[in-house]
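Each chain is listed here by its residues.
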Amino acid sequence: MPKYLLLKHYRGGPEPHHPFPPMDQWAPEDVEAHMAFLRHVGELLEERGELVGVQALTPAQTWVRYGGPDAAPVTTDGPLPETSDLVAGWYMIDVESHERAVEVAAYISSEPGPGGGPLYEWIDVREIMSGEPSDG
Amino acid sequence: MSALDESTRRLDEGALRALVPRVLAGLVRRGEDFDAAEDALQEALLEALRVWPEHPPRDPRAWLATVATRRLVDARRSEAARHRREEATHAEPRPAATEEGDDTLFLLFCCCHPDLAPASQVALTLRAVGGLTTREIADAFYVPEATMAQRISRAKRTLRGRRLDQPGDLAVVLRVLYLVYTASHAGRMDLAGEAIRLARQLTLATEEPEARGLLALMLLNHARLPARLDPEGRIVTLDRQDRGLWDRREIAEGARVLQSALAVQRPGRYQVEAAIAALHDDAVSAKETDWPQILAWYDDLVALTDDPVRQDPAAVLGRAVAVGHVLGAAAGLRETDRLREVLGERHRWHAVRGHLHELSGDLPAAATAYADAARRATDVAERDHLVRQAARARAAELCNRETL
Chain S
8 MPKYLLLKHY RGGPEPHHPF PPMDQWAPED VEAHMAFLRH VGELLEERGE LVGVQALTPA
68 QTWVRYGGPD AAPVTTDGPL PETSDLVAGW YMIDVESHER AVEVAAYISS EPGPGGGPLY
128 EWIDVREIMS GEPSDG
Chain H
50 MSALDESTRR LDEGALRALV PRVLAGLVRR GEDFDAAEDA LQEALLEALR VWPEHPPRDP
110 RAWLATVATR RLVDARRSEA ARHRREEATH AEPRPAATEE GDDTLFLLFC CCHPDLAPAS
170 QVALTLRAVG GLTTREIADA FYVPEATMAQ RISRAKRTLR GRRLDQPGDL AVVLRVLYLV
230 YTASHAGRMD LAGEAIRLAR QLTLATEEPE ARGLLALMLL NHARLPARLD PEGRIVTLDR
290 QDRGLWDRRE IAEGARVLQS ALAVQRPGRY QVEAAIAALH DDAVSAKETD WPQILAWYDD
350 LVALTDDPVR QDPAAVLGRA VAVGHVLGAA AGLRETDRLR EVLGERHRWH AVRGHLHELS
410 GDLPAAATAY ADAARRATDV AERDHLVRQA ARARAAELCN RETL
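Residue numbers (this note's numbering), protein chains in the order written: chain S, 8 to 143; chain H, 50 to 453.
Pulled out of the complex, with its shape left as it was, chain S reads as follows (with noise of 0.2 Å):
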């Protein structure tokens, strides 16, 4: 069984299928159901024995590489979350085949949004390489 990687950004993705504002803005009845939606995604996956794990991510984000020798790591902050390409989070899950992680992003994807219709929202899949990592 492949273990897939669903990520989720901010402002990801090949094209913003529609924008939409952040979700402080929306009506606190859409808040709901978006919160309710992801929460029923991640209990549905657990059901069906497919979730190994979901995590949220702070938007703060902060570049780092080393300083060379006795020099401090350089750092810059990123850029603001709401235009910018960042990820916000991620679904892990253990599936049958590519078409099933496929069907679970998909299906994240038809979160409901401002207004209550689908977010529309580009999920990222990415596959797990089985193995311990060798490199970076």
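Simulated from the structure, these hints should not be mistaken for lab results. Among the clues, some could well be false.
[Unchecked claim] A few chain H residues that don't get close to chain S, going by computed Cβ distances all over 12 Å:
#: 1; residue: L98
#: 2; residue: A168
#: 3; residue: A195
#: 4; residue: S233
#: 5; residue: D239
#: 6; residue: A241
#: 7; residue: L253
#: 8; residue: T286
#: 9; residue: D296
#: 10; residue: L328
#: 11; residue: T354
#: 12; residue: V375
#: 13; residue: S409
#: 14; residue: Y419
#: 15; residue: A439
#: 16; residue: R443
[Claimed, not checked] Quick partial rundown of chain S residues pointing at chain H, CB under 10 Å, derived from the structure:
#: 17; residue: P26
#: 18; residue: M30
#: 19; residue: D31
#: 20; residue: P35
#: 21; residue: V38
#: 22; residue: E39
#: 23; residue: M42
#: 24; residue: Q62
#: 25; residue: T65
#: 26; residue: E106
#: 27; residue: G123
Everything numeric in this text was worked out from a predicted model, so none of it was measured. Even glycine gets a Cβ: it sits at the ideal position worked out from N, Cα and C.
Given chain S, work out where chain H should sit, using these hints.
Showing chain H alone in chain S's frame:
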């Protein structure tokens, strides 16, 4: 380790775990190396699980001590252990104390040794004093079992060769127990219950009123836990909680413990925070909260440090809420201004300002502050709650505008 979990439960987990600190303290006081003694006791516990169901011992504590000692002797004979013993020869046998409370306090001082990082202090305390398995501790902090095992053995290695007969720093012990308590909001294990159990043991071992203050604070907050989340897992703020769900028995115990601490007349931060929690618990409804009294206690709390804005910004922020309720939202917001430099990047600062803006009727400012708080939140439930608060404030503002 999970095999250990299940069989312990069959045996009477509580009774067995209560013996852990007593047996371990006895071994360490006798001059045994903490690290080796802890390993030997873990082996003795496994042996107990195998043997006790068939042959229950007459004196479980003596049985564990004997088997652990035998393991220590075996280990000492082995090559690897010989080296370790040479390092630890300074440890002279000490007269063993017999009181249970003493043992707990002694072990807490070992586990909360100032040379250890807070995460290690917490892990070691849960294992050596709480008697939890490595697996249970790993689960509580969402890390792999191997990682937690490594953290614990590194901590024990740090203690190797340290003199463990000096009285330690009680303030560190209290802070570690409070860390255990607050960590429970995120994890799966009932760490809050464990922290309360350990704090209760600690109060048997020391007369220090702050130990009782901490126990009272935990009880008075824990009492509200059943009302803190709704059935969907959403955070319910104090002013909207169903007070009928609060644990009255726990509140009564917390209040009793707090009274006995305050009677000593040596106030400290845990006692003061417990007093504030007690006032919230006492209010029949949010409206009847005695904010002037709460503000008076916050005045005491910030007076405990010379420069509260830098040394105890959380106290100043809590006080700002009380100021908002007693003197008006504008005054409360002015109090938060003093914290901008220290807490301006923390979600709680923005959340408090959202609350105070809402109190003043400035809904657009409240919505902005809640959204700023949501962006900085580091807990999913809190982030979701703050997004909801922002959306709610914005919708209420729209509604107001339409009715004008």
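The hints, checked one at a time:
Listed as a non-interface residue, L98(H) keeps its Cβ farther than 12 Å from every Cβ of chain S; the least gap is roughly 31 Å. Every CB of chain S is more than 12 Å from the CB of A168(H) (nearest about 20 Å), matching its label as outside the interface. With a minimum CB-CB distance of about 14 Å to chain S, A195(H) clears the 12 Å threshold, and the non-interface call stands. Annotated as non-interface, S233(H) keeps its C-beta farther than 12 Å from every C-beta of chain S; the closest such distance is 20 Å.
Non-interface call for D239(H) relative to chain S: holds, since the shortest CB-CB distance, roughly 21 Å, exceeds 12 Å. Even its closest Cβ contact with chain S, about 23 Å, leaves A241(H) beyond 12 Å, as expected for a residue assigned away from the interface. L253(H), annotated as away from the interface, keeps every beta carbon of chain S farther than 12 Å; the closest lies near 41 Å. Chain S leaves T286(H) outside its interface by the beta-carbon criterion, the shortest separation being 15 Å against a cut-off of 12 Å.
No beta-carbon of chain S comes within 12 Å of the beta-carbon of D296(H); the shortest separation is about 27 Å. Look at L328(H): its CB is around 31 Å from the nearest CB on chain S, clear of 12 Å, so calling it non-interface holds up. The Cβ of T354(H) lies farther than 12 Å from every Cβ of chain S, with a closest approach of about 29 Å, so its non-interface assignment holds. Residue-level check passed: V375(H) sits 30 Å from the nearest beta carbon of chain S, beyond 12 Å.
At roughly 20 Å, the least C-beta separation between S409(H) and chain S is larger than 12 Å, which holds for a residue marked as non-interface. At roughly 7 Å from the closest C-beta of chain S, the C-beta of Y419(H) falls inside 12 Å, breaking its exclusion from the interface. Some Cβ of chain S comes within 12 Å of the Cβ of A439(H); the nearest lies about 4 Å off, and the non-interface call is violated. For R443(H), the condition that its CB be more than 12 Å from all CB atoms of chain S is violated, with the nearest at approximately 6 Å.
A distance limit of 10 Å between C-beta atoms decides the matter here; for P26(S) the minimum to chain H is near 18 Å, and the interface restraint is violated. Checking M30(S) against chain H by beta carbon gives a least distance of about 5 Å; that is within 10 Å, so the hint holds. Checking D31(S) against chain H by beta carbon gives a least distance of about 4 Å; that is within 10 Å, so the hint holds. The interface hint given for P35(S) holds, since its Cβ lies 5 Å from the closest Cβ of chain H, which is under the 10 Å cut-off.
For V38(S), the interface hint holds, the least distance from its beta-carbon to any beta-carbon of chain H being 5 Å, beneath 10 Å. Hint status for E39(S): holds, given a least beta-carbon distance of 7 Å to chain H, under 10 Å. Here the hint on M42(S) is kept, as its CB sits about 6 Å from the closest CB of chain H, short of 10 Å. For Q62(S), the suggested interface contact is upheld, since its CB lies about 9 Å from the closest CB of chain H, less than 10 Å.
Interface restraint check: T65(S) against chain H, minimum CB-CB distance 6 Å, threshold 10 Å, status holds. For E106(S), the shortest C-beta to C-beta distance to chain H is roughly 30 Å, which exceeds 10 Å, and the interface hint is violated. With a cut of 10 Å, the hint placing G123(S) at the interface with chain H is violated, because the nearest CB-to-CB distance is about 14 Å.
When each numbered hint is compared with the structure, violations occur for hints 14, 15, 16, 17, 26, 27.
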